[in-house]
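**Student:** The residues making up each chain are set out below.
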Amino acid sequence: MSVSFLAVSPVLVPLGTAMLATAASRRPGLQQAISFTGIAALAVCALMLVAQASSGVPAVAQFGGWVAPFGIEFVVDGTGASLVLITALMGVASLLFLVSDADPGPRHPLLLPLVHGVLAGVGGSFSTADLFNLYVWFEVMLICSVGLFAIGGRVDQLDGTFKYLALNLFGTMLLLMSVGLIYGATGHLNFTALGEASAQWPPALGLALLAALTLSFLIKAGAFPLFAWLPASYHTLPAPVLALFAGLLTKVGVYAVLRTLGDVFSPAPQMLYEALGWIAAATMITGVLGAAYHWDIRRILAFHIVSQIGYILLGIALATPEGHAATLFYTLHHIVVKANLFLIGAIVWALTGSYDLRRIGGLYALKPLLAVLFLIPALSLVGIPPLSGFWAKLLILREAIAQERIVWTVAALLVSVLTLYSMMKIWMEAFWKAHPDETWQPARVRLGAAYLATTGLAAVTLWISVSPQSLLGYATAAVAGFGR
Amino acid sequence: MTWALAAAVWISVALGLYLALSRDVLRCVLGLAVLGAGANLVLFSAGRIGSTQPPVVPLGESVLAGAANPLPQALVLTAIVIGFALVCFSLVLVLRLIERARTDDALALREAEPEPTDPVKPPLPTREADARAGGAA
Numbered sequence: 001m002s003v004s005f006l007a008v009s010p011v012l013v014p015l016g017t018a019m020l021a022t023a024a025s026r027r028p029g030l031q032q033a034i035s036f037t038g039i040a041a042l043a044v045c046a047l048m049l050v051a052q053a054s055s056g057v058p059a060v061a062q063f064g065g066w067v068a069p070f071g072i073e074f075v076v077d078g079t080g081a082s083l084v085l086i087t088a089l090m091g092v093a094s095l096l097f098l099v100s101d102a103d104p105g106p107r108h109p110l111l112l113p114l115v116h117g118v119l120a121g122v123g124g125s126f127s128t129a130d131l132f133n134l135y136v137w138f139e140v141m142l143i144c145s146v147g148l149f150a151i152g153g154r155v156d157q158l159d160g161t162f163k164y165l166a167l168n169l170f171g172t173m174l175l176l177m178s179v180g181l182i183y184g185a186t187g188h189l190n191f192t193a194l195g196e197a198s199a200q201w202p203p204a205l206g207l208a209l210l211a212a213l214t215l216s217f218l219i220k221a222g223a224f225p226l227f228a229w230l231p232a233s234y235h236t237l238p239a240p241v242l243a244l245f246a247g248l249l250t251k252v253g254v255y256a257v258l259r260t261l262g263d264v265f266s267p268a269p270q271m272l273y274e275a276l277g278w279i280a281a282a283t284m285i286t287g288v289l290g291a292a293y294h295w296d297i298r299r300i301l302a303f304h305i306v307s308q309i310g311y312i313l314l315g316i317a318l319a320t321p322e323g324h325a326a327t328l329f330y331t332l333h334h335i336v337v338k339a340n341l342f343l344i345g346a347i348v349w350a351l352t353g354s355y356d357l358r359r360i361g362g363l364y365a366l367k368p369l370l371a372v373l374f375l376i377p378a379l380s381l382v383g384i385p386p387l388s389g390f391w392a393k394l395l396i397l398r399e400a401i402a403q404e405r406i407v408w409t410v411a412a413l414l415v416s417v418l419t420l421y422s423m424m425k426i427w428m429e430a431f432w433k434a435h436p437d438e439t440w441q442p443a444r445v446r447l448g449a450a451y452l453a454t455t456g457l458a459a460v461t462l463w464i465s466v467s468p469q470s471l472l473g474y475a476t477a478a479v480a481g482f483g484r
Numbered sequence: 001m002t003w004a005l006a007a008a009v010w011i012s013v014a015l016g017l018y019l020a021l022s023r024d025v026l027r028c029v030l031g032l033a034v035l036g037a038g039a040n041l042v043l044f045s046a047g048r049i050g051s052t053q054p055p056v057v058p059l060g061e062s063v064l065a066g067a068a069n070p071l072p073q074a075l076v077l078t079a080i081v082i083g084f085a086l087v088c089f090s091l092v093l094v095l096r097l098i099e100r101a102r103t104d105d106a107l108a109l110r111e112a113e114p115e116p117t118d119p120v121k122p123p124l125p126t127r128e129a130d131a132r133a134g135g136a137a
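As you go down the protein sequences, you meet chains A and B in turn. Note that my numbering gives residue 108 to position 108 of the first sequence, counting from 1, and the numbers run on in steps of one. Note that my numbering gives residue 81 to position 81 of the second sequence, counting from 1, and the numbers run on in steps of one.
Chain A with its partners taken away, still in its complex shape (with noise of 0.2 angstroms):
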């Protein structure tokens, strides 16, 4: 087999905009134009990529004329095609959101080139059938996140740095030893020689390997107690970037642990999958406690992004196709709705001038329509029939009641309570209230670009609820695949 352009572009397309753009990085106007491009031409490849995995034959590419267990081998099926196309559409958005004020102060040259970064180590991720390889992709995602991190060069975005980097650096030190590891054990990396060569393996030793392998992913995915990481730094970053982060970055983690436990070394032990569970029970409560003791907009939402990764850890422990194909489902509409959360919080940063929810308020007097747009999404986290959110977790919970997993059912019911009491905090305070300052007027900024942002993301959001059906049968249709 060849190597196919299009299970490759969804690393090509962004790096070769980064090199683009890197080179453009005198000329702002033509740097923005390349961006645009490239995140276009990555929707693209993207749509046309879930074309071909939905007829059936997904997208191969294997390197170097060496054929498949030797060479590295670039896989894009149903569930890494979703997932791609969801990046892109994350990428436009914050690209989008980045033209608006939302977003002042003068911009790095190299922003937008490491932005595409991101998105080219996290479309690696999605497409590569290499353990190796995956390894690699995660370091191209943390050596551009903490870039992305730091040229703002505030101290407190070099505290923030230092935080993310130092536990996710371990964290990739302790993949790369499993990636070694493994590799001794059966003599192979790539994802269907493992799934063949670990059915020979000791239980004992297949237990030890894998246990050590999800470990490494559940610290990039911030899953309990591995997530200091982020609520520490992710407040530090610019809005649209912070919103890309928070949609894309742990999910890779997740998608790893459900590609490894869910596909490549599927059955794992049974002890893993009841393990997993426990952590994703933790998870959710552990977060969502957190977001309930905090004011500011930012952090509030970035400790619903761990409490949201225990739901779709559930997903991958409850092991099961149905359970599968919830996990992508719920991935989905959580990284359109995180990060639409966040780009909303950013508008109303630009318009109150402050994120902590003490200072600002009267904004649902002001401007009804941004006060509906926060709603869609708010709710939908919650999961508040019939957005997407709700569909999302009945899929999980129906699927753990199933498996009579009842106390994983009754922590995830209350910590959907507990979600609801910190979106309406945030409804209450920044939308309801008035403004403690009486004088106060609104910022007088541009918004265009960023409502049209927002509003595109929310009709995704509205979309999946309206229309659960279609996104379930191609997520079952995705993960049918899974463990073969």
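Some hints could be false.
[Claimed, not checked] Covered stretches of chain A, as calculated for chain B (at least 3 residues, CB under 8 angstroms):
#1 138 to 144
#2 159 to 170
#3 177 to 186
#4 290 to 297
#5 395 to 406
[As the list claims (entries may be wrong)] Distance windows between CB atoms, simulated:
#6 A:55 with B:99: 50 to 60 angstroms
#7 B:62 with A:275: 41 to 51 angstroms
#8 A:106 with B:119: 33 to 43 angstroms
Note that these hints are calculated values from the structure, not bench results. Nothing here was measured: the structure is a model prediction, and the numbers come from that model. We treat Cβ as the ideally placed atom computed from N, Cα and C, and that holds for glycine.
Let chain A serve as the given structure and place chain B on it in line with the hints.
**Tutor:** Showing chain B alone in chain A's frame:
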């Protein structure tokens, strides 16, 4: 030889973890660098050590026997390059952080998350902190 390598991995991982857990941020980064060296050794030994023959198929033959496994060497080379770049970046980052924050104690570094003064609510940011929060990308 395998045991010597195992001992080297053990020492570098123990040393790296000890340093990485230090409150001194510079030590922490150096510890992560040593830990990375340990990880690279694990990756290298995954291909089994023993043979030192280069993996080149002799002229006129089609089968390679008794040569060293080239794949882990390629992998470890990749990992070393990536790890070196990250260590360089983190050293510069930490030096700048110490310079700007005027402390190298990880517990005193609370710039991103100020210490709470009220037991119920987190500290209220200053107006200046609000003004620069969303901008200055």
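**Student:** For the segment 290 to 297 of chain A, does the count of residues with a C-beta closer than 8 angstroms to a C-beta of chain B reach 3?
**Tutor:** holds (count 4)
**Student:** Has the hinted range 50 to 60 angstroms been met by the Cβ atoms of residue 55 of chain A and residue 99 of chain B?
**Tutor:** holds, 57 angstroms
**Student:** Are there at least three residues in the segment 138 to 144 of chain A whose beta carbon sits under 8 angstroms from a beta carbon of chain B?
**Tutor:** holds (count 3)
**Student:** Per the hint of 41 to 51 angstroms, is the separation of the Cβ atoms of residue 62 of chain B and residue 275 of chain A within bounds?
**Tutor:** holds, 47 angstroms
**Student:** Between the beta carbons of residue 106 of chain A and residue 119 of chain B, is the distance compatible with 33 to 43 angstroms?
**Tutor:** holds, 39 angstroms
**Student:** Are there three or more residues in the segment 177 to 186 of chain A whose C-beta lies within less than 8 angstroms of some C-beta in chain B?
**Tutor:** holds (count 6)
**Student:** Closer than 8 angstroms, Cβ to Cβ, for at least three residues: run that test on the segment 395 to 406 of chain A against chain B and report holds or violated.
**Tutor:** Three-residue rule not met by the segment 395 to 406 of chain A, so violated; n is 0.
**Student:** Three or more residues of the segment 159 to 170 of chain A near chain B by CB distance under 8 angstroms?
**Tutor:** holds (count 9)
Hint 5 alone, counting from the list given before, is not met by this structure.
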